[in-house]
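Input sequences plus hints: build the corresponding full structure.
Chains A and B are the protein sequences, given in the same order. Under my numbering, the first residue of the first sequence is numbered 6, with each subsequent residue one higher. Under my numbering, the first residue of the second sequence is numbered 154, with each subsequent residue one higher.
These are computed hints drawn from the structure, not numbers from a lab. Since this is a predicted model, take the numbers as computed values, not measurements.
Pulled a few chain A residues facing chain B out of the computed Cβ check, cut under 7 Å: (1) 278; (2) 281; (3) 291; (4) 316.
Think of the CB as a built atom: it goes at the ideal place given N, C-alpha and C, for glycine as much as any other residue.
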Amino acid sequence: MKPHFIEIGSYQLPKAGQNAAGDVFMSRKIQETDRIISVLSDGLGSGIKAGVLATLTGTLAAGCIAANMSINKTAKLIMRSLPVCSERKISYATFTIVDVDKGHDVRIIEYDNPPYLLIRQGCEVEPVKTEIQVAKGKKIGSHPKPAILRGSSFKPQLGDRILFFSDGVSQAGMGTKVLPIGWGYNGVKEYALNLVRQNPDISARELAHAVVIRAAYHDLGIPKDDITCGVVYFREARRLLIVSGPPIHQEDDQELASKFKNFPGKKIICGGTTANIIARELKKTIQVSLKVRDLTIPPPACMDSADLITEGIVTLGKVVEYLEQDTKIEQLPENSATMILKHLLDSDIIEFLVGTKINEAHQDPTMPVELEIRRNVIKRLMALLEEKLLKQVSIQFI
Amino acid sequence: MNQVKVTICVGTACYVLGGAELLGMVDELTARFGHHVMCEGSPCLGFCKLSRNSKAPFALVNEKLLEAATPESLLKAVEEALSGVQNG
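Listed below in structure tokens is the structure:
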């Protein structure tokens, strides 16, 4: 059986008045063993101090699980390592670790976060959870009871989603007239299930975003705690082709167009000349949109059989910049680079088909900006897609 | 009355050498001349590759090529073309 593709998405809003979040969501892909580990940790309190606790917890948890350390040892190590809060005299951060191995078996370890929600075919599925007791390390006197961790494992099916979140989500709205005791686990569950039923193809990113925004809405737009949600989605891979640059030999123009035409997935052309070549070979017409008017980035264009056409090097450079800056896509201006980024985020397997012909006009020393070599920009973009977004990326030159 | 067609190149070389300002003229041309002017963009008109001496940004006003086009030269060319259409 062809393994499912694993899409991981998350969204976060820090507690109102805090610049840094005290929750951390992180994911690691272990290339050698083909495993994916995601951790959501909520540090005691909020702000930087909580962020440090959560980051330590997340990093340790992901590292230990990746190194095949037992759950017991991992939990002990985390509890011994966390610094003690000067105000509360305890060291504490919750965690949920989702570990997906090569065979796509899922193992989840939870400590004090709201329980995760497994959504299968629009319904909740409740896996059996076993309790694991772990003695707390530091400050034994102040921690008389052992920590209770919950472990579960299952074989995911195509379409399964694992939704996990911090208590900032389930407690959202607490104290308000509408939700005096907060949104609650069941409220979050019903909302997420409804979203999935209404939109069965909703991406991990969109689902996590929707849950967090709804929680913030319950908090009347002023988050009373850090609000974080992560989603792991097992689905068929979404493929994206990005063609950029004319072939070095003109006789390969037809091959370029044919590869573009026959690609089974979404297709983007980055580059005016490249777009003209493909349009000519496929006998299509290109229409540039004059409505999208961000004057720093050339406007997008459309053509039958292409999902998007943009200018090449300036736009791709902007995509790299957006990815490097970690800007939330919702905060980006509407332009061609943002449109490419949306496609990248929503795709799993991204293939670049890069023409190596150099446009001499770009080498003109009177150019007011330095135009990078296409191959270098794409190399940087590929590294970001692989390392930051855990995408499967490949490149072919023509 | 015939329309004047304005084509603005939005290829890389044109865009970084001032094509963005030309695009900023689209609203003004439409406001001034209404349906007598039709503006469109082109992914790349290809003139930057033709000769070393040609100068981006490029735009076409009907068949007339504008080199090193500026908002002013574009406006002037459109006005000339319109008077030609009206006289002709």
